[in-house]
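> Build the full structure now, drawing on both the sequences and the hints.
Numbering (the numbering used here), first residue to last: 1 to 242.
Some hints could be false.
What the hints assert, rightly or not - Straight-line C-alpha distance at most 20 angstroms; calculated SDA-like pairs for lysine to any residue:
1. 179 <-> 135
2. 162 <-> 16
3. 36 <-> 162
4. 37 <-> 18
5. 100 <-> 33
6. 100 <-> 21
7. 100 <-> 34
8. 185 <-> 218
9. 37 <-> 135
Hints were generated in silico from the structure; no laboratory data involved.
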Amino acid sequence: MLPIDIEILKYIFYERHIVSLKMRPFFETDAYHQLKKQLENLSTSEELLSESVMEAPYTIFDLETTGLLPELGHEIISIGAIRIQGVHQIQYERFHMHVKPLRRVTKRTQQLTGITEEELEESDTILKALSAFLEFSKGSVLVAYPAAFDMKFLRTMLKRWKLPDRLPHSIDAQTIVKKLYPNRKHQLDTMIPFFGITKLARHHALNDATMTAELFQQLLHQLPNEIHTVQDLLSFTEKQKS
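This is the structure:
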């Protein structure tokens, strides 16, 4: 792995222009215009915000990426998601797609995620993957662990592709953990055994989303008594970020 300052210079003066050229043909495709239309039509209804936190629909998702800095051209290579209906649903609806990146993926990333170069080469573009994910999660509240990373990555990808940022509200499950358990370590690897959740292979988008969904359902039972609606929960998590 290159030092971060070298990686920045390499991206700014060389790779960014190559990526831009690779992206250009996609702007005229049906997939691009379909995704743009989906994003323009996205909104969170007042009905959803007023639903009970114990009954509302949530989509818990996780991204696997080629790095931690989307500003340096790092890309999404896998999206995993679980859709639940409050605390009652045991059989989850599942979503999992690999994403073909514009830049070559390092061996280290392949080893970490278990996704091979061949699998990525046969995968759909980020445009089709995001479109499918938005369709899967439509009408629900997004949840991630930590949402700060995943939502920032999604928003940076939208900006890179000149797409409108109309993503729905999101809840950071890690923020809830930090509030409820301020004296414990808050990493997902620590919380999984603490809550008695079966540990699946990590750095796999669907596995991480599955474990986070189980954790989130348990957290809903432990929320303060004054949190009744989705809007209450959003306000609670936003308050903790500030």
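> Hint by hint, note whether the structure agrees.
For each hint, the structure was consulted:
1. 179 <-> 135: Cα-Cα ~32 angstroms, so violated.
2. 162 <-> 16: holds (15 angstroms)
3. 36 <-> 162: Cα-Cα ~9 angstroms, so holds.
4. 37 <-> 18: Violated, at roughly 27 angstroms.
5. 100 <-> 33: Holds: residue 100 and residue 33 sit about 19 angstroms apart, inside 20 angstroms.
6. 100 <-> 21: At roughly 16 angstroms apart (the allowed maximum being 20 angstroms), residue 21 and residue 100 satisfy the hint.
7. 100 <-> 34: holds (18 angstroms)
8. 185 <-> 218: holds (17 angstroms)
9. 37 <-> 135: Measuring from Cα to Cα gives roughly 12 angstroms; hence the hint holds.
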